[in-house]
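Participant: For reference, the chains in residue letters:
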Amino acid sequence: MKFFNFHHMPYRHADLDAIEKNGSAWVTYSNRHYDPHKGAELYHEYLDQMEFADTLGFDGVCLNEHHQTAYGMMPIPGVLAGALARSVKRAKLAILGRALPLLNNPLMVAEEYAMLDNLTRGRFIAGFVRGIGAEYHAMGINPVVSQERYAEAHDLIVRAWTEPGPFAYEGRHYHFNYVNPWPRPYQTPHPPIWIPSQGSSSTIKWAAQKRYTYAQTLSPIAVVARFFQMYRDEAEKAGYTPSPDQLAWSNTIYVAETDEQAMREAKPHLEALVNRFLKMPVEMLLPPGYTNIESMKRVRAAKVTGKISSIEELNTTGVVIVGSPNTVREKLAEYQDLAGFNTSLTKTQFGTLPNDMTRANMTAIAEEILPHFRDRLPQGKQQAAAE
Amino acid sequence: MIARLLRPELEDANMKNRIATAKLAWQPRTYDPHLRKWLHRIDVPTLIIWGANDRVFPMEYAYAYQQLIPGSKAVIIPECGHIPQAEKPAVFVSELTDFIAGMRIAA
Numbered sequence: 238m239k240f241f242n243f244h245h246m247p248y249r250h251a252d253l254d255a256i257e258k259n260g261s262a263w264v265t266y267s268n269r270h271y272d273p274h275k276g277a278e279l280y281h282e283y284l285d286q287m288e289f290a291d292t293l294g295f296d297g298v299c300l301n302e303h304h305q306t307a308y309g310m311m312p313i314p315g316v317l318a319g320a321l322a323r324s325v326k327r328a329k330l331a332i333l334g335r336a337l338p339l340l341n342n343p344l345m346v347a348e349e350y351a352m353l354d355n356l357t358r359g360r361f362i363a364g365f366v367r368g369i370g371a372e373y374h375a376m377g378i379n380p381v382v383s384q385e386r387y388a389e390a391h392d393l394i395v396r397a398w399t400e401p402g403p404f405a406y407e408g409r410h411y412h413f414n415y416v417n418p419w420p421r422p423y424q425t426p427h428p429p430i431w432i433p434s435q436g437s438s439s440t441i442k443w444a445a446q447k448r449y450t451y452a453q454t455l456s457p458i459a460v461v462a463r464f465f466q467m468y469r470d471e472a473e474k475a476g477y478t479p480s481p482d483q484l485a486w487s488n489t490i491y492v493a494e495t496d497e498q499a500m501r502e503a504k505p506h507l508e509a510l511v512n513r514f515l516k517m518p519v520e521m522l523l524p525p526g527y528t529n530i531e532s533m534k535r536v537r538a539a540k541v542t543g544k545i546s547s548i549e550e551l552n553t554t555g556v557v558i559v560g561s562p563n564t565v566r567e568k569l570a571e572y573q574d575l576a577g578f579n580t581s582l583t584k585t586q587f588g589t590l591p592n593d594m595t596r597a598n599m600t601a602i603a604e605e606i607l608p609h610f611r612d613r614l615p616q617g618k619q620q621a622a623a624e
Numbered sequence: 184m185i186a187r188l189l190r191p192e193l194e195d196a197n198m199k200n201r202i203a204t205a206k207l208a209w210q211p212r213t214y215d216p217h218l219r220k221w222l223h224r225i226d227v228p229t230l231i232i233w234g235a236n237d238r239v240f241p242m243e244y245a246y247a248y249q250q251l252i253p254g255s256k257a258v259i260i261p262e263c264g265h266i267p268q269a270e271k272p273a274v275f276v277s278e279l280t281d282f283i284a285g286m287r288i289a290a
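Those sequence lines, one after another, are chains A and B.
So for the first sequence, my numbering puts the first residue at 238; every next one is plus one.
So for the second sequence, my numbering puts the first residue at 184; every next one is plus one.
Quick caveat, the hints were computed from the structure, so don't treat them as lab data.
Be aware that a few hints might be false.
[Said to hold, decoys possible] Simulated pairs of lysine-lysine, DSSO-like, Cα-Cα distance not exceeding 30 Å:
id : chain 1 : residue 1 : chain 2 : residue 2
1  : B       : K199      : A       : K442
2  : A       : K534      : B       : K199
3  : A       : K329      : A       : K258
4  : A       : K329      : A       : K568
5  : B       : K199      : B       : K256
6  : A       : K442      : B       : K206
7  : A       : K275      : A       : K326
8  : A       : K442      : A       : K534
9  : A       : K329      : A       : K239
10 : A       : K258      : A       : K326
11 : A       : K534      : B       : K206
12 : A       : K534      : A       : K258
As the structure is a prediction and not an experimental result, all values here were calculated from the model.
Turn these sequences into a full structure, and let the hints steer you where they fit.
Facilitator: This is how it looks when you write it as C-alpha cells:
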C-alpha cells in the first residue's frame, strides 16, 4: 500500500464556539477571526510537516483547494505546492485537486500543473474536483452548470497537455483562439490524474472509464467499499480490470501506545474537525443542481458532515482509524481487504491537533504502520478479482 | 430553503424547482443590480401588486418600485405571499380590472 500525507491545513486556532454559534466554519464565518500572525506560523508549521512526511518515507504529500473557510487555508494550493516542489525531495506531490468549475480560465490550471510537473521532474499528481457545494456560494458560480464546466475544463486541459499547440478551442463555457501552453508537462502524456469525490455515481463511472485513480472522501468504510466496487464494475464494463492502486481511500489515522490513550488524545481534535470545521447546513453542502437528484439523495444520506459525531462512532464505522499500532494495523488490513484499495490518503494532522502531537503521530505511523503495508496488496475476493 | 419536507412524495418535484430557480437566479442572486437606474424610463401606466407576506421579496420592494417608476401605483394585498395571482386571484383580478378601467376613464 502507498501512503500519502494528506493535509487539510485547518486554521487550528479557530474559535470553536464562534463557529458553533455561526453554524458553520464555511462562507459566513467571518475572516475577522483570522489572525495573520498565527496563520503565517501555521503555514510554516504545516509545510514543515509535509517535508517531515517526505523524510519519514511517506510515498507522497497531498494538498487540496477550499475557499472562504477555517477548515483549510488553501484557496490557491499551487502556492504551497510551489513551496514544496523543491523541499520535498523524494515523495510525490499531489493537488487533490483544483476545483475546475470555479475557474473562468481553466488553461491556467494546465499551466500551473505543467509547471509543478516540471519543477518536481515528474513527481506531480494532478487532481481535478468540482469543489464542495460551499464553494459555489463562496465563489458565486452557478452550481447548475458545475458538471458541464467541469467536463469541459477537464477536456480542455487534457487536450492542452497532449495536442501540439496552438489550436483553437470553442466550448460552451470556454473559448480560446490559441491553446498553446508553455511549459508542457514533464510526464508523458501528462501527470497522473486523480479524481476525489464524495461518491457521485456519474463521477465514479467517468473516472473508471478514463482509468483515473478514484479517491473517496471522508465516509464510513462500508460506503467506501460500495463505491470502490462500483468503480471496479464500471471498469469491467469498460473492458479492463483495474489495479487496486487506482483506488485511494481518504482517511484519518492516529496512533498512540494504547487504544485508550489514542482515543483520549485524538478525541477533542477529531471531534473539532467533524463537528466544527466540517459542519455546514445541507443547502450549503448541496446547492441545487450541484449533482443529479439521485446522487444528491444518496450523498445526503451517506455523508457524515452535518450530523454530530463522536470519535467512538467515527472509529467504529471506519471513517477513521484510531488506536494502538496493533489495532491500527489490524483495522487497516481489514479495511484494505474489504474495500480493495492500495492507496491511503491519510490525514495525520486533523482539526485542532497541535504540532508536537502531529509529528509524534506521523513518526508512529511511519515506524509502526508503513513498513507492514509496504508490499501488502488487498487480500481475498478483491485480489482474486484482480487476477 | 426548506431542509425537511413535510411531504416526502414531493421531494423530487421540490428539488427540480430548486434547480430551475438556481439556474435562473444564482448569480447575480435573483435580481438585476442595475435595475434601479433603469426603472425611471418606464413611461406606461404601471400597477404594482404585492403580497403583504411575501418572504421572497418583502413588500418594501413594492414601495421602492412605486417611487422609482413615474406615475405608478402600488397595491399591497393582505394575507398574501409571493404569488398574488395564484394565492388571491379574485383580489388580483379586481385590482387589475379597476386599474384598466381607470386608465380608460383617464383616456
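Participant: Each hint: holds or not?
Facilitator: Going through the hints against the structure:
This hinted pair checks out: K199 of chain B and K442 of chain A have alpha carbons roughly 24 Å apart, not beyond 30 Å. Between K534 of chain A and K199 of chain B, the direct Cα distance comes to roughly 13 Å. Compliance with the 30 Å bound is thereby established for this hinted pair. Between the alpha carbons of K329 of chain A and K258 of chain A the distance comes to roughly 39 Å, so the proposed pair goes past 30 Å and is violated. Of the supplied pair hints, the one linking K329 of chain A and K568 of chain A holds, its CA atoms being roughly 26 Å apart against a limit of 30 Å.
Under the criterion of a C-alpha separation no larger than 30 Å, the hint pairing K199 of chain B with K256 of chain B is inconsistent with the structure, at around 35 Å. Simply put, K442 of chain A and K206 of chain B have alpha-carbon atoms about 25 Å apart, close enough for the 30 Å limit, and the pair holds. At roughly 27 Å between alpha-carbon atoms, K275 of chain A and K326 of chain A fall within 30 Å of each other, so this suggested pair holds. Pair hint K442 of chain A plus K534 of chain A holds up; C-alpha atoms about 18 Å apart against a cutoff of 30 Å.
Proximity of K329 of chain A to K239 of chain A is assessed by CA-CA distance (about 11 Å); at most 30 Å being required, the pair is judged to hold. The hinted pair formed by K258 of chain A and K326 of chain A fails the criterion: a straight-line CA distance of about 43 Å is larger than 30 Å. A threshold of 30 Å between alpha carbons decides the hint, and for K534 of chain A with K206 of chain B the separation of about 19 Å falls inside it, so the pair holds. Simply put, K534 of chain A and K258 of chain A have alpha-carbon atoms about 27 Å apart, close enough for the 30 Å limit, and the pair holds.
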